[in-house]
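**Student:** Order-wise, the sequence lines are chains A and B.
In case it helps, this note's numbering puts the first sequence at residues 1 to 234.
In case it helps, this note's numbering puts the second sequence at residues 1 to 241.
Honestly, the hints are just simulated from the structure, not real lab data.
Treat the hints with caution; some may be incorrect.
Stated by the list, open to error - Beta-carbon label-pair distances, calculated as ranges:
id	chain 1	residue 1	chain 2	residue 2	range
1	B	Ser-225	A	Val-94	57 to 67 Å
2	A	Met-140	B	Pro-54	47 to 57 Å
3	B	Thr-92	A	Pro-160	42 to 52 Å
Backbone N, C-alpha and C fix where the C-beta goes; we use that ideal spot for every residue, glycine too.
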Amino acid sequence: MEASDSFFRGYGWFFWEGLKVTLLVAVCAGLVVIPLGLLGAWGKLSRNPVARGIANLYTIIVRGVPELVLIILVYYGLTIVLQIALSAAAGEEVLVDIDPFLTGVIALGTIYGAFATEVFRGAYLAVPRGQIEAAKASGMNRSLLVRRILLPQMWRFALPGLGNLWLVLIKATALMSVIQLDELMRKTDIAARAVREPFKFYLTGALIYLGITIVSMLLQQRAEGWANRGVRRA
Amino acid sequence: MTPDFGAILDHLDRYVAGALLTLELTAISVAAGLVLAVGLALMRVSRNPLLWMPVYGYIFFFRGTPLLVQLFLIYYGSGQFRAWFESVGLWTLFREPYFCALLALTLNTAAYTAEILRGAIQAIPYGEIEAARAVGMSRALIVRRILLPKAFRFGLPAYTNEVVFLFQATSLVSIITLMDLFGVARVLISRTFASFEILIFVGAIYCAMSYAMIYGFRWLEHRWSGHLRAMPGADKGIAAR
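Model the full assembly from the supplied sequences, consistent with the hints where possible.
**Tutor:** In structure tokens:
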């Protein structure tokens, strides 16, 4: 990496360090998004008015408030809640310094869980009703119906929406630099300020994000091909 | 742990000023972005590679990278070429966070809007264009009377989402020191330490304004689709872009 090192004045590895954290926080947030989205979709489609109300409130709030505000809210919120809880447990004032990585995973997971709720809701509705009736008629219980009939088909309908969410999620991780998470954006920022060549560094950072987008899109295509392998195309 | 309403009530005038700047940034960049997007979309659907390829690259770059990076690239990145900007007399613009924020937001929304319009233009049944040609319309007349009106109508639901997202994304300009609604909130949090109260308050304002916009656009959609009323309604709420 000699050549790139003189080009970036020894800061080239900053991008690599940042990229690793960006991908890690995005993957971990993604692991929160999927169950939360399934739960939200279940709530929205439920006949129980309380579950429906909570799921609706969740998506309405998350989609109405800017990501940045929600991220900062989770950041302060977690700090205060933990501080009160730990202080009560310890019987004295405890100062909590919350981990930005954890905050990022929780904040991004919660935000994109709301968008995934809509994706899964749409995917559920795309499964033909007759198949659910047929499964019930053949005596499948609910969990078997979900496992054998619903989920395998929902994936197929949900993949384009989830792929799109992943691309938005990757870009949203850049906001984590605001709460000092050492991801790609913040690492780029630090290097840009140290070397005083901001355009070169921010452009490199931008191109790395673009690279993640391109690789993600290629993977998404393959995943969709795999999920649709049983579908005959015209 | 009693809520500190003073942090909100004592500074209402500052929140109002912040909200006005947020709306101003949204309105200007949405308007400028739309004008730019119409030109870009027409170039994008052109068969001439010299026209569509650069636009494809532009749209791909602005949709594939975070807005925050674009904002920094323009605001801080321009500093690397300060001498050049000074020599062409543009430095007075590029040293202002207000101008850089507007530029970044406009370029960003223009890319997303151009992509929405491209999809909408390509969704127009080709028979309609053929019919327009058959009655002897010129290219410019076809664009003005057939292509754009139909594209706007097709693209409106997706465009609603884009405008709301842009409105919410203006909160990023507080990072380059602008005093928009979120910028005001951040300053008052550091001064009063009433972080929860202030964040929930500004969050509620953003939320209310977002849904006001959505309902405004729904009304517009309803108005513009009078002749298609029997068709099932378009999308619901905001989907992720």
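**Student:** Run every hint past the structure and note whether it holds.
**Tutor:** Status of the hints after comparison with the structure:
no. : hint                               : in the structure
1   : B:Ser-225 <-> A:Val-94: 57 to 67 Å : holds (58 Å)
2   : A:Met-140 <-> B:Pro-54: 47 to 57 Å : holds (55 Å)
3   : B:Thr-92 <-> A:Pro-160: 42 to 52 Å : holds (46 Å)
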